[in-house]
Amino acid sequence: MAGPDLASVRASLAADGYAVSNGTLEQVERAVQMEHLLFRAQGAKANGSVKHLRPYITKDAPPRSLSAVYGLGAQPLHTDGAHLLEPPDVTVLYSSSPTPTGTAILKPGSGTCSTPVPEAVREGVFVVRGNGFSFLASAYSGRRFRFDPVTMSPGDQMARQAVAWFQEQRDMAVIHQWDQEEQLLFIDNRQALHAREAVVTDSETRVLGRLSLNFVEET
Amino acid sequence: MSLHPYDPDRLWIKARMFVHRAMDDGREFDEQAFWASAAFELLGKAALAKVSPILIANPNPDGHSLLVASGLLEVDDKFFTIPAKALWSRCHRAFKPFNEQEAAYISSVRNDYLHAGGVGREGTPEAWWPRYWAQVAILVSHLDRDLEELVGRERERVVTQYLETNRENVKRRAEALIERARSRLALHESGSMSVTLERAWAGFSPYYFQHTTSAECPACGSSGTLSGDTVLETKAEFVTLHGEEDQFEDVIVFVTVATDGFACPRCHLELNDLDLIEAVGLDTDFEVEGDPSSYYEPEYDNE
Chain A
8 MAGPDLASVR ASLAADGYAV SNGTLEQVER AVQMEHLLFR AQGAKANGSV KHLRPYITKD
68 APPRSLSAVY GLGAQPLHTD GAHLLEPPDV TVLYSSSPTP TGTAILKPGS GTCSTPVPEA
128 VREGVFVVRG NGFSFLASAY SGRRFRFDPV TMSPGDQMAR QAVAWFQEQR DMAVIHQWDQ
188 EEQLLFIDNR QALHAREAVV TDSETRVLGR LSLNFVEET
Chain B
2 MSLHPYDPDR LWIKARMFVH RAMDDGREFD EQAFWASAAF ELLGKAALAK VSPILIANPN
62 PDGHSLLVAS GLLEVDDKFF TIPAKALWSR CHRAFKPFNE QEAAYISSVR NDYLHAGGVG
122 REGTPEAWWP RYWAQVAILV SHLDRDLEEL VGRERERVVT QYLETNRENV KRRAEALIER
182 ARSRLALHES GSMSVTLERA WAGFSPYYFQ HTTSAECPAC GSSGTLSGDT VLETKAEFVT
242 LHGEEDQFED VIVFVTVATD GFACPRCHLE LNDLDLIEAV GLDTDFEVEG DPSSYYEPEY
302 DNE
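The listed protein sequences correspond, in order, to chains A and B.
For the first sequence, the positions run 8 to 226 when this note's numbering is used.
For the second sequence, the positions run 2 to 304 when this note's numbering is used.
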């Protein structure tokens, strides 16, 4: 298996906010190293940055995680690394085998969610609880979304309206089904939000690998 | 994104959040004014920090905050900023036409609300907000931003209305001051002024700033005095003067000064607010001859 074609992945991310491909995260990492003009690894580590995501019931979940609040239920739409000063541009999720719980993806302003992003999302200010410090940020700024209702608390009325708007858009999301072997889901973490659906029957078996990437900007 | 406490972008976004809270539904005016004045202080600090973070660092004796703002020490929780009085004084000098007295009036609401037994309310919302937005608009423009970025598009309309109200209030106040000066003069010249008023009239002693020039009084038409402290521009003109037997170089210096006040010795009209000076049609800056001494080379007394 050759792994993902990063050029077509990047084109799909630009158009739809997500891309689906066959392959493994190791293949993605190798392809990124070879085609370094498209993506680069997020953070200092080029390798070994794969995380494994499992469903947790509330009491077993890591603090400040979505699972700590929502347990095995449907998660709210969010972006990854919202608590970081520099969140990753792209989240790559991987499943080695089919698993019944899907992943919701929403790119506001396009496709099934064609309503314009409201002013409250751009203007509302959130308190973001980062790693050892807090800072203020809007849910859309600098041409990227930053939203996680667990690590971000609304600081004003518009931020509360933004939270409500993201909740309302949940039904507009596209649902990706993990119905194939060795499947990769690339999500543009700047322009799209995602969320795990409510865990169906795979709470003991569902394991997704996750890799974070950044775009290499065209010059 | 920087985590420096003096980073103007961090101060800006915090000011945005506080202004939003001030404009959110369901708050009483006391609380609105508290959040608004807290935002105002942050905007002042952001505008100064944009020029240099040192301008907002508290100059405590060990210089800790100054050293942090200079980048010579790591950021820690002992970085303190200047008090409001120093903040408004610096903004007044740096960001024309920012008004220090108006700023003190606005921020007194916050002080009273936070540090005293009062609830922070002074005046009515209808009187307070126009004056508030007039000063905020000045700081926002010095941050190279606009009011829509601060409050959002929908709420900008509310702010624009307050600014318009402020302009009308200033115009009405200017007209009232002119009428008052005319009526006082008429009473004085007709000899029908009360003893108390006559005593006050005799004690008229306006404050003149360093640079002065004459200007026609908008109330009585006599010659009054514009004065100001801040030199906006200095121009030097070198001229050759011809004596009877030789010629020599001389320099004439012209300075453009920002107007701080106007006073008329005849009708006793006194204006110390740039908005009022502008509203009555007086110049907001003027040119005068400056001191040429700084252009002369000192004598070294060497052979």
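Keep in mind that the hints were calculated from the coordinates and are not lab data.
Treat the hints with care, as some may be off.
What the hints assert, rightly or not - Pairwise CB distance ranges, derived in the manner of DEER restraints:
hint	chain 1	residue 1	chain 2	residue 2	range
1	B	GLU155	A	THR119	23 to 29 Å
2	A	ASP67	B	ARG28	51 to 57 Å
3	A	GLN174	B	ASP10	53 to 59 Å
4	A	ALA22	B	ASP284	40 to 46 Å
5	A	PRO125	B	PRO266	55 to 61 Å
For each residue, glycine too, the CB sits at the ideal point set by N, CA and C.
Earlier hints that do not hold, by number:
2, 3, 4
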